[in-house]
Structure formats: C-alpha cells, structure tokens
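2 protein chains.
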Amino acid sequence: MERMETSPARGMKDYLPIEAALRDWMLGVIQETYALRGFQRIETPALENLERLIGSGGGENEKLIFKVLKRGEKLDLACADENTLADLGLRFDLTVPLARYWAHNQPKLPPVFRAIQIGPVWRAERPQRGRFRQFMQCDIDIIGEPGVLAEMELITVSVEAAAKLGVKNPVLRFNDRRFLDSVLDWAGVPAAAGAAVLIALDKLDKVGPKGVRAEIARMELAEQSTGRLARFLEESSASEDLPMSLFEEIGLAETVVTDMEAIASLAGCSALAGTKLVFDPTVIRGMGYYTGPIYELGVAEMGFSIGGGGRYDEMLGRFGRPAPACGFSLGFERISLYLHEQGEHGTLGAPQLHLRIATPADYPIALAMAERAVARGVRASIEGASKKLGAVIRHLHEEHESVAGSAGPWIAVVELSGPELKVHDVTGDCPELSWLQG
Amino acid sequence: MERMETSPARGMKDYLPIEAALRDWMLGVIQETYALRGFQRIETPALENLERLIGSGGGENEKLIFKVLKRGEKLDLACADENTLADLGLRFDLTVPLARYWAHNQPKLPPVFRAIQIGPVWRAERPQRGRFRQFMQCDIDIIGEPGVLAEMELITVSVEAAAKLGVKNPVLRFNDRRFLDSVLDWAGVPAAAGAAVLIALDKLDKVGPKGVRAEIARMELAEQSTGRLARFLEESSASEDLPMSLFEEIGLAETVVTDMEAIASLAGCSALAGTKLVFDPTVIRGMGYYTGPIYELGVAEMGFSIGGGGRYDEMLGRFGRPAPACGFSLGFERISLYLHEQGEHGTLGAPQLHLRIATPADYPIALAMAERAVARGVRASIEGASKKLGAVIRHLHEEHESVAGSAGPWIAVVELSGPELKVHDVTGDCPELSWLQG
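Residue numbers (the numbering used here), protein chains in the order written: chain A, 194 to 631; chain B, 194 to 631.
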C-alpha cells in the first residue's frame with residue numbers, strides 16, 4: 194500500500210498522550226483556581242460571522258483569519274472576492290467573541306461578571322518552531338466594575354494560578370496607559386505622533402535606550418519633546434517603589450496615582466508571597482484598546498512573559514452594550530513549554546497496572562481487580578495476550594523514562610492465569626500487590 | 194448607538210455559565226473514569242487537509258464540511274471550484290482524525306493503544322431545535338487489539354462513566370455485523386442488495402415490522418430470501434439470552450458466537466450492575482465501516498440512544514497503517530440535555546460568598562477571608578461597591594433559583610467595613626461565618 198502523507202495540516206499540531214496529560218492537568222488547576230474565586234466558565238463557538246471579526250480592533254490578527262466558504266446556494270463562485278465567498282471565520286482571540294457574548298447575554302449574567310474563557314484560537318501565521326496556527330488562550334475578564342478592585346482581583350487570582358502550576362519566581366510588572374498619556378502630554382508630543390512614540394518605547398527590551406532614542410529622533414519632534422522623552426527614558430527603571438516625584442513633575446492625575454498605589458499595595462498580601470510586584474514605566478502592551486492599568490507577568494530567570502492584560506473600557510461598546518472591563522490572559526502554550534522543561538507531566542504521574550489475561554473468561558476476575566486498583570488511584574487496564582509480553586514491557590519502560598526518568602510512579606504488568614498472579618515489575622519499585630485479590 | 198446583531202453565527206451556540214459548569218463537570222467525570230482505566234487523552238487540530246476529509250468514509254457528513262479558503266498567493270480567485278478555492282476543512286468527526294493520528298504517531302504509542310478524544314466537531318447541517326453546527330464528541334477507541342476483550346473493556350468503562358454521570362437505568366443493546374452478514378447469506382440475498390436490506394432493517398424502530406417487510410418486498414428478491422428475512426424479523430426480539438437455535442440454523446461461525454457470549458457474560462460483573470445487557474439483532478448502526486461487534490447504549494424510559502460504537506478493523510488502513518480497532522462514543526450533547534433536565538449543575542453546586550468592600554484599602558483583609566473560604570471549598574469573590582447591593586442580591590436569588598430551586602447551596606453577601614461584618618444571607622441557610630475572620 195502506498196504510504197500517505199499523514200502529518201497534521203501545515204502549522205498545526207497533534208498532541209501525544211504525554212503532552213495532552215500535562216495540558217489537561219494545567220486546565221484543571223487553572224479552572225479550579227479561578228472558579229473558587231468566583232469566576233465562571235463560558236463558551237462561544239469557534240466560528241464567528243466574518244464581518245464581526247473584520248474591523249474588530251484585532252489589528253494585524255485580522256489579516257490572519259481562516260475564512261470559511263459559504264455553503265449551498267449562498268456560495269456564488271463567480272464572485273471573485275474573498276469576503277463575498279466567505280461568511281464565517283475562525284476566532285483569532287477570545288476578546289472579540291467575549292464582547293459579542295456580553296452584548297448578547299448580559300441580562301442573564303451577574304451585574305459584575307467574572308468570565309473564564311479557555312479554548313483554542315486560530316491564526317494563519319507563517320509556521321515557526323514552537324508556534325502553531327491553532328493554540329490555546331486562557332483568559333479571565335471582569336466586566337462591569339469600573340474601579341481598580343477589578344485589577345486587584347485579576348492580578349491576585351492569576352498569580353495564584355501561576356503559583357499552583359509551579360511557576361517559579363514570577364514578577365508582575367505594571368503600568369498605566371493614563372500615565373503614558375500624561376508623559377506624552379508633558380513632553381508636548383502632538384496627538385498624531387503619540388502612538389508612534391509608544392511603539393518606539395515598546396521596543397526598549399529589544400533595541401535598548403540608545404535604539405529608542407534614535408527612533409524618536411527620526412520623528413523630528415520639537416526639541417523640548419525629544420529632551421523630555423530622553424529624560425523619561427533615563428528615569429524609566431522598574432522599581433518596587435512608585436516614582437512619586439516623576440508623577441508630580443508630569444502632573445499625573447490623583448486618581449491614577451491612587452490606582453497605582455492600590456496595585457502596589459498587593460505586595461503586602463500573603464497570597465502574593467513569592468511574586469515580585471514592580472512598577473515598570475516601559476510596559477506598553479501593543480493593543481490600541483487599553484485605557485487604564487496594564488500588566489505583564491514574567492518569570493525572572495527566563496526573561497519572557499507568561500501572561501498579561503489590562504483595562505479596556507471602550508471596547509465592549511462596539512457591539513452596542515458599553516461596560517467597563519479588564520482582563521488577564523495566561524500564556525497557556527508558553528507555560529506548558531516551561532512546565533514540560535521542568536519535568537511536570539500531570540495525570541501521567543499516577544502508577545499503572547496492566548492486567549494481562551489470556552481469555553475472556555478471566556475478564557470478570559480482572560475487572561474486580563481493576564476496580565480495587567482504581568479505588569487506590571492506580572490506573573488499571575485489562576489487556577489481552579495478543580501482543581508479546583516483551584514488546585509491552587519495552588514500551589512501558591520507554592514511557593516511564595520519558596515521563597519521569599527513574600523517579601516516576603510504579604508500573605507493573607500482572608499476568609492472570611486462574612488463581613495465580615505473575616507480577617512483572619517494570620520500574621523496580623512496585624509495592625506488594627496481594628490487595629488485588631480482595 | 195445602533196444596536197447590532199449579536200447572536201452567535203447561524204446554528205451555533207453560546208454557553209451560559211450554568212450550562213458551561215455542567216459540561217465541565219461532565220468532562221471531568223468522563224475523563225477521570227477513562228484515565229483511571231488506562232485510556233490516554235490525545236488531541237488533533239480542528240482543521241484537517243480537505244483531501245483527507247473527502248472520501249474518508251464519512252458518508253453524508255462529507256457534504257456538511259465547513260471548508261476554509263486558501264490564504265495568500267495560494268488563493269486563486271479565478272478558480273470557480275470549491276475544492277480548488279479551499280484547502281482545509283473543519284473535522285466532522287473524531288474518527289477520521291484518529292486514523293490519521295494513528296498512522297502518523299504509532300511508533301510513539303503503546304502496542305495496544307487506548308485513546309480518549311473529547312472535542313468539538315462541525316457540521317453544516319440545517320439548524321434545528323437542540324442540534325447545533327458545532328457540538329462535542331466524546332470517543333474512546335482501542336487500537337491494536339483484535340480480540341473481543343477490547344469490546345469488553347470499552348463497554349465496561351463507558352457504562353461506568355454513564356453511571357457516574359448519573360444516567361439512570363441504562364440498557365446496552367449489542368449485535369454483530371458478522372451475524373448480520375450471515376443472516377443475509379442464509380437468506381440468499383445477493384451481495385449487491387445486502388446494504389439496502391440492512392438499511393431497511395435499521396428502520397424497524399421507526400416503521401415497525403410491517404413497514405420493513407413492505408420495503409423488503411419492493412426489492413423483488415427471490416421468494417426464499419423474502420420469506421427467510423420475514424422469519425428473521427419475527428424472531429428478532431431483544432433478549433438477555435442469545436438465540437442459539439437461530440445461530441445454529443443460519444450457520445453462524447463459532448468465533449462469532451464465542452465473542453457474543455463474552456459480551457453477554459459482562460452481565461455477571463458487579464461493575465455492570467444496574468446496566469441491562471441485551472442481544473438485539475436489529476441494532477445495525479448506519480456507518481458502512483463496521484466489521485464486528487456493534488452496540489448502543491440507551492436510557493430505558495427515554496427511548497433514545499446516549500452512545501454506541503463498534504469494531505472497524507478495515508478503516509485505519511486508509512492512511513497506510515492497518516490495525517484492528519474498535520470504539521465507543523458517548524453522546525455528550527444528549528447526555529448533557531438529559532442531566533440538565535434531571536437538575537444536575539456541576540461545579541455551580543458549591544456555596545458562594547461575595548465579599549463586598551468599599552475601598553481598595555480593605556482588599557488585603559478581604560483577600561485573607563477569601564482564602565479561608567476557598568480552603569473550605571466555598572467560591573469566594575471580592576466585589577467593589579459600584580453596583581447597588583439590591584441588584585446584586587436580586588441576581589443571586591435568580592441564579593440560585595435557576596440552579597437548584599430551593600435545595601441549592603448557600604449564598605451570602607458579606608459587607609466589610611473596618612472590623613465589622615454585615616452578613617446578607619441570600620438563601621436563608623448560610624452557616625455561621627465567624628471563621629472568616631481567622
């Protein structure tokens with residue numbers, strides 16, 4: 194028989210059991226943490242009407258939409274235009290669907306609504322190592338609460354979820370879009386140039402202060418503006434203390450200062466223990482829709498972000514039901530790579546027992562044994578003798594090595610033959626099994 | 194502002210928190226039951242290359258594929274042909290992707306592989322009440338085991354999952370495609386007419402024996418064939434005992450009888466207690482790919498199927514890696530409707546506490562209280578005072594009513610103001626809360 198191409202579609206990924214087990218465990222931990230703090234899971238369809246996805250404020254992501262052909266009579270193949278041929282698109286994030294969901298379902302939701310959304314999104318990006326065209330997003334949002342308490346809740350529960358997942362030494366860097374706007378005002382940057390200056394500042398990580406200064410110089414702003422932005426850059430180091438004298442100098446509104454102080458005060462809560470909280474004036478976050486506090490969660494030694502978010506008070510109104518809102522998104526895929534490297538394997542951590550029987554007549558006995566094992570938290574399967582014992586044990590050895598090296602849970606193959614049990618201890622540390630016989 | 198259309202895309206569904214909570218709880222129960230019996234979760238992308246979905250043996254479902262437009266330069270809008278414009282399709286089941294997955298990943302999988310697949314599939318069906326164009330499928334499959342032990346395992350664990358979900362009085366009806374083939378042989382039905390006769394028999398539920406006889410009469414088979422099929426219909430009542438004399442008369446192969454006896458013997462296992470097991474010669478199951486035992490799980494009083502499956506030894510070979518295989522699919526959407534009607538609401542069953550504070554300065558105290566509540570399994574959220582207390586309590590009353598009538602868990606709103614706690618007991622049975630203060 195001719196061998197067919199069997200890879201997943203370009204840029205997509207199959208998950209092996211060892212990968213899926215880690216992801217399922219992560220989902221369970223995240224969801225339980227959020228649910229116990231009053232957040233509620235919701236779900237929207239993967240497909241949305243195309244006209245809602247286009248022009249939704251999704252920026253570059255809108256160019257990456259997988260578009261779905263119209264069906265039946267609605268499809269006019271003579272129309273040589275993508276957006277006439279297609280009527281649906283796969284969602285590229287969970288925020289646009291949330292805005293539609295809120296507008297549609299608000300009367301059935303609490304006055305202040307805490308949403309959990311965990312699910313796949315799709316983007317037709319150029320495939321590259323470690324990035325896939327279908328990936329998980331994991332968002333919480335609080336809709337209807339205008340005050341900074343909402344941000345305090347989002348930050349607390351997200352940091353708690355990260356800690357429960359085993360993320361070590363997290364750092365939460367926060368800033369505020371209103372502060373950045375004040376800086377632009379103080380520097381006398383014309384409104385039309387504001388976005389470009391923020392984009393330049395956002396590159397600080399990559400190009401350094403010199404690079405940012407050079408980019409700003411190319412904008413040919415007034416001398417005073419360039420000078421003040423340079424001074425801002427100099428004083429822009431992340432710190433656990435708020436730069437009150439800078440705030441005063443630029444004339445930052447008192448309400449913004451109070452909100453920042455509230456976020457900074459979380460450092461004193463025991464629930465945050467282990468998470469460093471710093472004000473970082475160079476946190477920008479790309480999306481244009483943010484209107485207040487913004488934040489990024491990173492792992493100190495890795496130097497990459499594993500989550501973040503901000504307030505977007507103007508966005509929900511797009512679908513006709515305005516409401517203050519803010520969100521926090523955990524970088525599910527990045528965290529799963531990080532945990533995989535740390536040797537975390539989720540539910541595959543349970544010991545396992547293979548009950549090997551020769552004929553169906555032995556099934557009821559094996560089933561009773563499997564039930565006793567399951568009651569003790571052991572994964573137990575009943576296997577026929579169609580595969581050679583050696584091959585079965587060899588695979589289990591490999592699995593054990595790949596899951597946990599030599600420190601993993603025990604694995605045993607037990608052959609049943611009448612009342613006799615023959616135990617093959619795959620890992621060398623399987624306990625005594627007489628309880629199997631009841 | 195103009196009010197926009199905010200419904201989900203045609204035929205799709207938004208899930209409210211109360212619906213999502215039930216589904217999440219179901220997923221957890223099903224997955225844990227399967228995982229503890231040695232099954233392993235895998236995941237494939239939602240999109241597959243279109244040419245793999247078309248001609249995959251999916252029958253009518255292939256006409257219902259959502260097709261995705263090619264992107265960038267690959268898209269030639271002058272090609273007036275669906276299958277040239279599109280290169281990807283949303284999966285319409287989990288079986289075609291499983292076959293591709295097996296062919297691609299087999300060397301990394303156990304010799305006998307027990308797969309769990311739970312995820313959405315998409316079909317562009319005409320929308321109708323209670324049926325959606327995106328819905329969950331929930332499959333387990335055993336690949337690599339040719340013997341009936343595989344079916345015994347599938348049936349045992351599926352019935353166990355259904356029982357843990359709270360399905361009452363389940364009935365498992367089983368049959369075997371090889372038996373049906375023998376019946377056709379014995380009746381002398383020509384090979385070309387075999388499929389049509391099975392389709393006619395499959396309508397027994399809907400049209401009754403008279404209707405089936407009429408449909409067979411229209412096929413103008415030989416007199417002996419029509420007579421023998423009529424006799425088969427007469428003797429085709431479901432029963433806990435196998436019709437051994439019928440088996441003998443039609444000359445059923447001994448191996449088929451042995452397999453049926455093995456499945457029937459499950460009735461004696463305590464794990465199956467509560468599930469009725471019957472041989473039903475009229476179970477056909479539509480798909481052409483079945484080759485051995487087939488089965489359907491139903492709820493006695495509801496008269497509908499909540500799951501089923503069978504052996505499909507010839508199907509995996511399509512992607513170049515043949516292997517014996519069989520599967521069991523639970524009807525996730527049907528079961529969720531059934532459980533919803535029975536008043537099951539999953540994780541929304543936990544009590545909830547709303548800690549209401551006036552200023553961010555009270556947040557650390559509230560957070561410590563929330564942590565104490567969470568440690569007791571109470572869902573605890575911290576709320577600002579931006580919404581009127583009356584509106585908040587009114588919504589909680591409504592939620593409590595919709596979740597559980599008067600028998601639900603307690604809900605309380607606690608106002609913090611300095612060291613004072615003011616408790617509003619929403620449900621009338623909230624316990625004493627002094628432990629909140631540590």
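Source of the hints: derived by calculation from the structure; they are not laboratory data.
Incorrect hints may appear among the rest.
[Said to hold, decoys possible] Derived lysine-lysine pairs resembling DSS-like cross-links, with alpha carbons at most 30 Å apart:
| no. | chain 1 | residue 1 | chain 2 | residue 2 |
| --- | --- | --- | --- | --- |
| 1 | B | K615 | A | K267 |
| 2 | A | K581 | B | K301 |
| 3 | A | K206 | A | K361 |
| 4 | B | K267 | B | K357 |
| 5 | B | K206 | B | K263 |
| 6 | A | K267 | B | K357 |
| 7 | B | K399 | A | K256 |
| 8 | B | K256 | A | K206 |
| 9 | A | K206 | B | K469 |
| 10 | B | K357 | B | K403 |
| 11 | B | K403 | B | K206 |
| 12 | B | K301 | A | K580 |
[Stated by the list, open to error] Chain A is faced by these chain B residues, among others (derived, beta-carbon under 7 Å):
| no. | residue |
| --- | --- |
| 13 | N242 |
| 14 | P300 |
| 15 | P320 |
| 16 | K396 |
| 17 | V400 |
| 18 | G404 |
| 19 | A457 |
Keep in mind the model is a prediction, meaning the values are calculated, not measured.
Note that CB positions come from ideal geometry on N, CA and C, so glycine has one too.
Checked hints:
For the proposed pair K615(B) and K267(A), the alpha carbon gap of about 60 Å is over 30 Å, so the pair is violated. For the proposed pair K581(A) and K301(B), the alpha carbon gap of about 17 Å is at most 30 Å, so the pair holds. Among the hinted pairs, K206(A) with K361(A) is consistent with the structure: their alpha-carbon atoms are about 27 Å apart, no more than 30 Å. With a C-alpha separation of about 50 Å, the suggested pairing of K267(B) with K357(B) is violated against the 30 Å cut-off.
For the hint linking K206(B) to K263(B), the alpha-carbon distance of about 26 Å falls within 30 Å, and the restraint holds. A distance of roughly 45 Å separates the Cα atoms of K267(A) and K357(B); the hinted pair therefore is violated under the 30 Å criterion. This hinted pair does not check out: K399(B) and K256(A) have alpha carbons roughly 50 Å apart, beyond 30 Å. At roughly 25 Å between alpha-carbon atoms, K256(B) and K206(A) fall within 30 Å of each other, so this suggested pair holds.
With a C-alpha separation of about 41 Å, the suggested pairing of K206(A) with K469(B) is violated against the 30 Å cut-off. With a C-alpha separation of about 39 Å, the suggested pairing of K357(B) with K403(B) is violated against the 30 Å cut-off. Taking the CA atoms of K403(B) and K206(B), the gap is about 40 Å. The hint is violated against a cut of 30 Å. With a C-alpha separation of about 16 Å, the suggested pair K301(B) and K580(A) falls inside the 30 Å cut-off, and the hint holds.
Because the smallest distance between the Cβ of N242(B) and any Cβ of chain A comes to about 5 Å, under 7 Å, the interface hint for this residue holds. Violation of the interface hint for P300(B) is found here, the shortest Cβ-Cβ separation to chain A being roughly 10 Å, above the 7 Å cut-off. Proximity of P320(B) to chain A is violated relative to the hint, the smallest CB-CB distance being about 12 Å (cut-off 7 Å). Hint status for K396(B) relative to chain A: violated, with the closest Cβ pair at about 27 Å, above 7 Å.
A least Cβ separation of about 30 Å between V400(B) and chain A goes past the 7 Å threshold, and the interface hint is therefore violated. With 7 Å as the threshold, the beta carbon of G404(B) stays out of range of chain A, its nearest partner Cβ sitting at about 31 Å, so the hint is violated. Hint status for A457(B): violated, given a least beta-carbon distance of 10 Å to chain A, over 7 Å.
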